Every structure is written in C-alpha cells, then in structure tokens.
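Novice: Line by line, the protein sequences give chains A and B. Just so we're aligned: the first sequence equals residues 241 to 726 in the working numbering. Just so we're aligned: the second sequence equals residues 399 to 496 in the working numbering.
Be careful, since some hints might not be right.
Claimed, not checked - From the derived model, a few chain B residues whose C-beta atoms are all more than 10 Å from chain A: (1) 404; (2) 405; (3) 424; (4) 464; (5) 466; (6) 467; (7) 468; (8) 483; (9) 485.
As the list claims (entries may be wrong) - Below, in silico cross-link-like pairs of lysine to aspartate or glutamate (EDC-like), each with a Cα-Cα straight-line distance of 16 Å or less: (10) A:540 - B:444; (11) B:412 - A:581; (12) A:585 - B:417; (13) A:585 - A:575; (14) A:623 - B:444; (15) B:409 - B:424; (16) A:274 - A:289; (17) A:626 - B:449; (18) B:412 - A:565; (19) A:256 - A:304; (20) B:412 - B:495; (21) A:499 - A:525; (22) A:620 - B:449; (23) A:620 - B:441; (24) A:540 - B:442; (25) A:577 - B:417; (26) B:412 - A:589; (27) A:261 - A:304; (28) A:585 - A:565; (29) A:620 - B:442; (30) A:498 - A:535; (31) A:623 - B:449; (32) A:585 - B:422; (33) A:585 - B:495; (34) A:540 - B:441; (35) A:352 - A:307; (36) A:620 - B:444; (37) A:505 - A:543; (38) A:577 - B:495; (39) B:439 - A:543.
The hints are simulated quantities; they were obtained by calculation from the structure and are not laboratory data. This one's a predicted model, so the numbers in the text were calculated from it and none came from an experiment. Backbone N, C-alpha and C fix where the C-beta goes; we use that ideal spot for every residue, glycine too.
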Amino acid sequence: MELYRLSAAEIVTGLKERKFKCTDVVASCLARIKSQEPQLHAMLYVAADTAMKDAADIDAAIGEGRDLGRLMGVPVILKDNICTSSMPTTCASKILANWVPPYDATVVKMLKAEGAVILGKANCDEFAMGGSTENSAFGPTMNPWDVSRVPGGSSGGSAAAVAAGYAPISLGSDTGGSIRQPASFCGLYGMKPTYGQVSRYGLVAFASSLDQIGPFARTAEDLKLILSAICAFDPHDSTSEDRPAPCFNLSDAPLRGKKIGVLTKLVDGKLTADLQAAMNEQIEECRRLGAEIVEVALPKALEYGLACYYILAPAEASSNLARYDGVRYGAAYGEAKSLLELYVKTRGEGFGPEVKRRILTGTYVLSSGFYDAYYLTAQKVRKVIKQEFAAAFEQVEAILLPASPTPAFKLGEMSVPLTMYMADIFTIPVNLAGLPAISFNTGFSSTGLPLGMQLIGPRWSDAAILDMAAALGKKSEGRIAEGGVR
Amino acid sequence: MPRLSKEEVMKIGKLARLEIAPEELDSLSEHFNGILDYFSKLEELDLSAVDPFTVEDTRPVRLRDDEVEENERREAILNQSPSREGDFIRVPRIGGDK
Chain A
241 MELYRLSAAE
251 IVTGLKERKF
261 KCTDVVASCL
271 ARIKSQEPQL
281 HAMLYVAADT
291 AMKDAADIDA
301 AIGEGRDLGR
311 LMGVPVILKD
321 NICTSSMPTT
331 CASKILANWV
341 PPYDATVVKM
351 LKAEGAVILG
361 KANCDEFAMG
371 GSTENSAFGP
381 TMNPWDVSRV
391 PGGSSGGSAA
401 AVAAGYAPIS
411 LGSDTGGSIR
421 QPASFCGLYG
431 MKPTYGQVSR
441 YGLVAFASSL
451 DQIGPFARTA
461 EDLKLILSAI
471 CAFDPHDSTS
481 EDRPAPCFNL
491 SDAPLRGKKI
501 GVLTKLVDGK
511 LTADLQAAMN
521 EQIEECRRLG
531 AEIVEVALPK
541 ALEYGLACYY
551 ILAPAEASSN
561 LARYDGVRYG
571 AAYGEAKSLL
581 ELYVKTRGEG
591 FGPEVKRRIL
601 TGTYVLSSGF
611 YDAYYLTAQK
621 VRKVIKQEFA
631 AAFEQVEAIL
641 LPASPTPAFK
651 LGEMSVPLTM
661 YMADIFTIPV
671 NLAGLPAISF
681 NTGFSSTGLP
691 LGMQLIGPRW
701 SDAAILDMAA
711 ALGKKSEGRI
721 AEGGVR
Chain B
399 MPRLSKEEVM
409 KIGKLARLEI
419 APEELDSLSE
429 HFNGILDYFS
439 KLEELDLSAV
449 DPFTVEDTRP
459 VRLRDDEVEE
469 NERREAILNQ
479 SPSREGDFIR
489 VPRIGGDK
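One chain only, chain A, in its complex shape (with noise of 0.2 Å):
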C-alpha cells in the first residue's frame, strides 16, 4: 500500500515499530500533491526541502530510540492563515502575497513539538472570507470528489488536501463554519472547537471574537490525536482558557443513553432531499446507539444568525484588516504622493472583491449614527442566540444538524454574494454563541457527493461530542478521493 493512504495513528505506530521511515512516508505524500495538484490546487506553499530534511531528522531519532511525541512523522497542512516563520502567510490576499511572519503560530509551536512535519499551506478565501474557496487571490481550489465542484470554504484547501491523500491531517480556522462546511463538502470530519480551546496566538485576524483553529482528519481517531496535541492553555492569547486540556477518547457507546436535540421542523424545506435522507438516516442511527431523539427550538439562531453575524464579523474585520497599509509589511502599491494615498491605492489594488465587500460592510455599521441600529443590535441578537442554546442544552447534551444544507456545488454557481452567505444558516449560530461542533461524514448522495452531518454541544463538550460523531462516522470514515468529474 500506498504510505500517503496510512493515516496519522498508523503512521506514528508504524515509526515506533520500525515498518517504514519518515521520509519514504513523507515522499509518498509529496509524490501524491504533486500527482494531484494539477487538477485540484489545494495548495498555496509546499515546503518540500525543509519536510525531506525535517523527516530525515525524525528518522535519526528514531534511530536513537527517541519518541519525538503524538505526532511523530506525522506530516500536517496548515491553512494560509496560519503564521509560520519559515513558510509564506499570504492569507490568499494580494496585499500578503510576499509576506514570511516573523513567528510561528501557537498551535504550529505545539505540531513540531509533538514531531509533526509542516508539508505546506494550504488556499483558502482571502483573508478567510468565503464559503467556496472561489475567493482566494491566487485561483480556486477543487473538490477532489468532483473537480467541477468546490471544495467548499474557507479552508477548502485544507480540507481538499486531507481528502486526497495529502496528509493525515491539517488545520483550518472557523469563523462561519470554515472548517465544518468544507469537511462536509469533501467527506471528513472537521472540527471547531469550543471558543477558546484552541490558541489563535499566530492566526491572522478576521473576527476575533468567532474565530477558532481547529483540525480536518479522514479517521476520528486522528481527529483526537490531533486535538490532544493542540488544545491547551496559551498565555499569548488573552480568550484562551486556562483550564485543564480536554481528555479526547473514544469509547464504545457514547450515544446510550443521550438525549440528542433535533430540530426536523425548522430545517424542513431547507434541505437538499439527499441531505434530508442523511438527517434522517442519523436520526435512526442515534436511536440504534441508544440515543433518545428530543425536538428542539433554535427559532432565533436559525432565523437571525446570518443576519447577526454578517453585521459582526465585517465590523471586527474592518477593524482588523486595518492593519494592512503598505507601511510596515505586506505589499505597497502605486506611487503614492501621501500618505493617505499609499493607504488607498494599496488597499484598493491588495484586497480583492469579497474582502473589500466586508470591509465596506463594516465601516458603514460602525460609523457615527448606524451603529446602534446595526452593531448594537447585532450584539443583543447575538446574546439572544447564546440564551437559546443554552436552554436547549439543558434538555440535551447534543444538537444534530446538518453542516451545510446542500453538498459540494459547482464553481461559480453560487455567483451572488448574499446566496453564498446564505448557506452558512447551519454553522453560523455555533460562531455567534462560542461552541464546539464537528462535522462527520454520512456517506455519499446518488452522484457520489459527501453528505455531511455537524453535532454541536455546550461550551467545553469537546471531547464528549468528538466521542459521539466518531460512533456516527465510523461506518463511512477513511475513504481518499480520486479527482475526476462525476
């Protein structure tokens, strides 16, 4: 077999046991971008040179009889958005395109510290904005189940990538449900993690208050051994929780006895029939495991969450993507004749259509005399949102809901930016209320298109909800993709 087709725990028991080395396993897998990127761009950097050598220094340890820790050998993708200090953060953007930070990301740190080998970056949307991946600077990334199809977004390149063969693993950020759709869209699980959980010390900026790192993986026990190795207290990010790391494990029957919360009337007529099929097949599989199905309301969440959010999220965008000016790093454009003009014409010539449409959006919500009627209003709609969740978590210990109300679509069907917004309805609401949720594979439609299912849970549930989705997915969990059209 194939080494790129081994997942993370295989590969690190497989090190231990002396089977293979790193570097025939890390050759495999750059043989495979290399095979696939042609058809798929899925990424933006990869560092070919420094994996070979990193791996060959594995291999020496090895040798001497050290165990490197969790990760050992294991190769991982990191989204564009993920500062490293040896590889370029573009962010996909124009304005970025140059830029090496001058630092590793936390979450990065703790990867090599656990024996992980960087293999590159991954396209995503520019700036994170977007749910097709259509609008990274650098061209589309696509859905290696379908290559007419997007990959979905933000982190469709991460996402893309592990569903190929890629890696094992790799990382994405979530600020809508940019990791959750995408893992949906290309067959994986993908996981958001409770606000707060996971380090963004080293994630480029979009909504602070939503955003959150989390991990793609093929197999829930890589999903585990990944969050083990990235989840825990970080000094350098002031909403990190100092709190003990969850403990990731899966047992044997984690849904007897749960009450799982289902919302069947108000996702009615939302849904594809193939996902409507999938919600209900889950539904049936909840009982199977022991589960007691309970009806539950989110009517606000559903309602007025995309709403809230894209009056939020631009607000916190405008203000951080502030910061690009064409002074003190990234691009500079134009021969200025001022200050004020270097500002504009950078900003007007680096950011690219979507992220500009934020930018606008933002500005014009926080501006003197709008902002009550929209920011702080938002604001109140966003606690709303929270209250109701928390309510329905004291009926259930879990909400399943699908990730996305239609699989994988076409590149350039959803062409409208307020239709594209439109299909974050399922992943939005778990932004705005900080809480963990991971999305897991069903199966796959008539045509061969991952259907994907998310199970959200109260605050610090993370480790109790990977539990479950894992006893969910098991049965379609593992699969690579080949490219080609279906």
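For this one, chain A is given, so just place chain B on it according to the hints.
Specialist: This is chain B only, laid out in the frame that chain A set:
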C-alpha cells in the same frame, strides 16, 4: 433602513481607506443595498430588555504584567516593511490631502 447612493458608497470607501474603482461601484452599491435590506430583518425582534454586554459565561479579561522584555525579532520585523531605510520606515508626505 436607508438606501445608499453611489456617492455614499464612495464616502464609506474613503472612511475605510479603500480606493473604489469606477467599474466596481455599481456592483458594490447593489451588494450594499441588498445586504442592508437583509439586515432590516432584525427590526422584527423586540430587544428592549436585552443587555448585550453582560458576560456571565466568561471570565474577566486577563492582562499580562507590564514588564519590559527583549525582543530578538527586531531585524525580522523591520525587514517586513516594503520601504525600510536603516532603522526607519520611509513613508510619503503625511497630511495635506483634501
């Protein structure tokens, strides 16, 4: 909620320090007005009793001690600038814009 004219969109662009090219203006204005219409949905809710700034579910903001530390990345940070000159960053004239 109000509809925005193209002049107003240009003004927001100015506030955001973003050059809006003439060919972008139509689609931006259209998007803007579409999304503002959508936001008006929130007017349906009675939020008079909601205090958005109580944070019962999170701890107070954690601050680090105000201590001077050596930063070894000085050169790397200066080198990021597109217009470094020695230990300075050169920028065009400040002020005087209309």
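Novice: Determine for every hint whether it applies to the structure shown.
Specialist: Outcome of the hint check:
1. 404: 13 Å, holds
2. 405: Holds: least Cβ distance 14 Å, greater than 10 Å.
3. 424: 12 Å, holds
4. 464: The assertion about residue 464 of chain B holds, with a minimum of 14 Å to chain A.
5. 466: 17 Å, holds
6. 467: 12 Å, holds
7. 468: At roughly 15 Å from the nearest Cβ of chain A, residue 468 of chain B sits farther out than 10 Å, so the non-interface label holds.
8. 483: Its Cβ never comes within 10 Å of chain A, the nearest being 12 Å, so this holds.
9. 485: 14 Å, holds
10. A:540 - B:444: 12 Å, holds
11. B:412 - A:581: 11 Å, holds
12. A:585 - B:417: 6 Å, holds
13. A:585 - A:575: Holds - the C-alpha atoms of residue 575 of chain A and residue 585 of chain A are around 9 Å apart, at most 16 Å.
14. A:623 - B:444: 13 Å, holds
15. B:409 - B:424: Roughly 14 Å separates the two Cα atoms, so the pair holds.
16. A:274 - A:289: 14 Å, holds
17. A:626 - B:449: Measuring from Cα to Cα gives roughly 12 Å; hence the hint holds.
18. B:412 - A:565: 14 Å, holds
19. A:256 - A:304: The hint holds at about 11 Å.
20. B:412 - B:495: OK: residue 412 of chain B and residue 495 of chain B at ~12 Å, within 16 Å.
21. A:499 - A:525: The hint holds at about 13 Å.
22. A:620 - B:449: 7 Å, holds
23. A:620 - B:441: 12 Å, holds
24. A:540 - B:442: At roughly 11 Å apart (the allowed maximum being 16 Å), residue 442 of chain B and residue 540 of chain A satisfy the hint.
25. A:577 - B:417: 15 Å, holds
26. B:412 - A:589: Roughly 14 Å separates the two Cα atoms, so the pair holds.
27. A:261 - A:304: Distance of about 13 Å is within 16 Å: holds.
28. A:585 - A:565: 9 Å, holds
29. A:620 - B:442: 13 Å, holds
30. A:498 - A:535: 14 Å, holds
31. A:623 - B:449: 8 Å, holds
32. A:585 - B:422: 14 Å, holds
33. A:585 - B:495: 14 Å, holds
34. A:540 - B:441: With a Cα-Cα distance of about 13 Å, the restraint between residue 540 of chain A and residue 441 of chain B holds, given a limit of 16 Å.
35. A:352 - A:307: Holds: residue 352 of chain A and residue 307 of chain A sit about 13 Å apart, inside 16 Å.
36. A:620 - B:444: 10 Å, holds
37. A:505 - A:543: 13 Å, holds
38. A:577 - B:495: Holds - the C-alpha atoms of residue 495 of chain B and residue 577 of chain A are around 10 Å apart, at most 16 Å.
39. B:439 - A:543: Given that 16 Å is the threshold and the Cα spacing comes to 9 Å, the pair holds.
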